[in-house]
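Novice: Join the two chains into one complex using the hints; note that each chain is given alone, in its own frame.
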Amino acid sequence: KQEVTQIPAALSVPEGENLVLNCSFTDSAIYNLQWFRQDPGKGLTSLLLIQSSQREQTSGRLNASLDKSSGRSTLYIAASQPGDSATYLCAVNDYKLSFGAGTTVTVRA
Amino acid sequence: GAVVSQHPSWVICKSGTSVKIECRSLDFQATTMFWYRQFPKQSLMLMATSNEGSKATYEQGVEKDKFLINHASLTLSTLTVTSAHPEDSSFYICSAREPGGPYNEQFFGPGTRLTVL
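Chains A and B are the protein sequences, given in the same order. In this text, residue positions in the first sequence follow this note's numbering: the first is 272, and each later residue adds one. In this text, residue positions in the second sequence follow this note's numbering: the first is 2, and each later residue adds one.
Chain B with its partners taken away, still in its complex shape (with noise of 0.2 angstroms):
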């Protein structure tokens, strides 16, 4: 399968700094890439679908403000967490998507897990 890879694998940020993620797609160009969050011992919920080239969209109820996603490239898609609190702890997992259609399999990263102090 393709993989997709996510940097950094955890981060530790002080409350009020701001804190990049990065999803790549090593070995296929991905038009369409997903951001997720997981709570402990939660299932994964989507954030935001983000299209190479247009802006993000969000899911209900999470803040554009706060989780801004760049997908400026086929293969890279950023999320940023601006002035990060401790409820914004948890674990980020993206995923990349195949171009040719909604029905192609999303290939996910390895997560990264965010604790903010």
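Extracted from the complex, chain A is given alone in its bound form (with noise of 0.2 angstroms):
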């Protein structure tokens, strides 16, 4: 069974300051892995998918890394803002999405 952890669970940063957030999982035999964002009470806004075959992603000031061979990905967010406060959620397909608990991100004005 493919167990996905996020660490850290939450993360407290001031305004400007890059975020890293690490995601790892136990079953390398994965199609893609896809980072989502999710505001309190709200659905997913899905921010990047990565195939197995590639090792990064990037979008604006988001990239995405994946090390399926070591079970890792990382999530880098550039020159943080308050609007980036909410919580990251990774998300692991190896035919169903196994999601982890969550990194919970507070960026300080």
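Just so you know, not all the hints are guaranteed correct.
To be verified - Derived DSS-like pairs: lysine-lysine, alpha-carbon spacing no greater than 27 angstroms straight-line: (1) Lys15(B) - Lys272(A); (2) Lys56(B) - Lys67(B); (3) Lys367(A) - Lys15(B); (4) Lys65(B) - Lys272(A).
What the hints assert, rightly or not - Coverage of chain A stretches by chain B, computed from C-beta distances (three or more under 8 angstroms per stretch; other residues unrestricted): (5) 297-305; (6) 342-352; (7) 357-369.
Hint data in this document are derived by calculation from the structure and do not stem from the laboratory. Glycine is no exception: its CB is placed at the ideal position from the N, C-alpha and C atoms.
Specialist: Given below as structure tokens:
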């Protein structure tokens, strides 16, 4: 059974700092990995999807890397802003999506 | 990206009643749809996978008689919570996957918040 772990569980940084969010998974036989953002009481917003053959994906200030062999992915958010405050979830697709518990980010103005 | 809608966005019902939640893929045909449940401050847990025209596959521990799933068309799946009780109160989210294979992206609906009194 796929186990997905996200560290840290919570993170508080001053505005402008770079954010580094980690995701690890136990079974490397995956199709892809996806990062989501969730605001309180809201649904999921897809941020980035990395196919298993890719090493990284970038969108604006976001960059996600994938090391399938070691079962790790990292989401980098450059120059954080208060609007980046949310919970970030990673999900691993090995036919079904398995979600981590999330990292709750607070960016202080 | 593709758009998935859910209706209603929130619902309050009395204990013992049944509630139906709809999930629609608006601009693509989804042969496979998924239903997730999220408790407060917890992550999403997959409840079931539904394929158009066939019975849903439920995850271990999910009562199929309580959570009825129907995927009658390529754009619509429904989740019916039967004889709802307060412990069924939760945030329910559906997703839809484009045809082609399990490597395709799942697109998520905005969720439905169910409160059972």
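Novice: Each hint needs a verdict: does it hold in this structure or not?
Specialist: Do the hints match the structure? See the list:
Between Lys15(B) and Lys272(A) the alpha-carbon distance is near 36 angstroms, which puts this suggested pair outside the 27 angstroms criterion. Proposed proximity of Lys56(B) and Lys67(B) is supported: the alpha carbons are some 15 angstroms apart, at most 27 angstroms. Distance hint between Lys367(A) and Lys15(B) is unfulfilled; the C-alpha atoms sit about 33 angstroms from each other, more than 27 angstroms. For the suggested pair Lys65(B) and Lys272(A), the alpha carbons sit about 21 angstroms apart, so the restraint of at most 27 angstroms is met.
Remark: the stretch 297-305 of chain A is confirmed as covered by chain B, as 3 of its residues place a Cβ nearer than 8 angstroms to a Cβ of that chain, reaching the required three. Interface restraint, the stretch 342-352 of chain A with chain B: violated (0 residues with C-beta to C-beta distance below 8 angstroms; minimum three). Only when three residues or more bring their CB closer than 8 angstroms to a CB of chain B does the claim for the stretch 357-369 of chain A stand; here the count is 7, and the claim holds.
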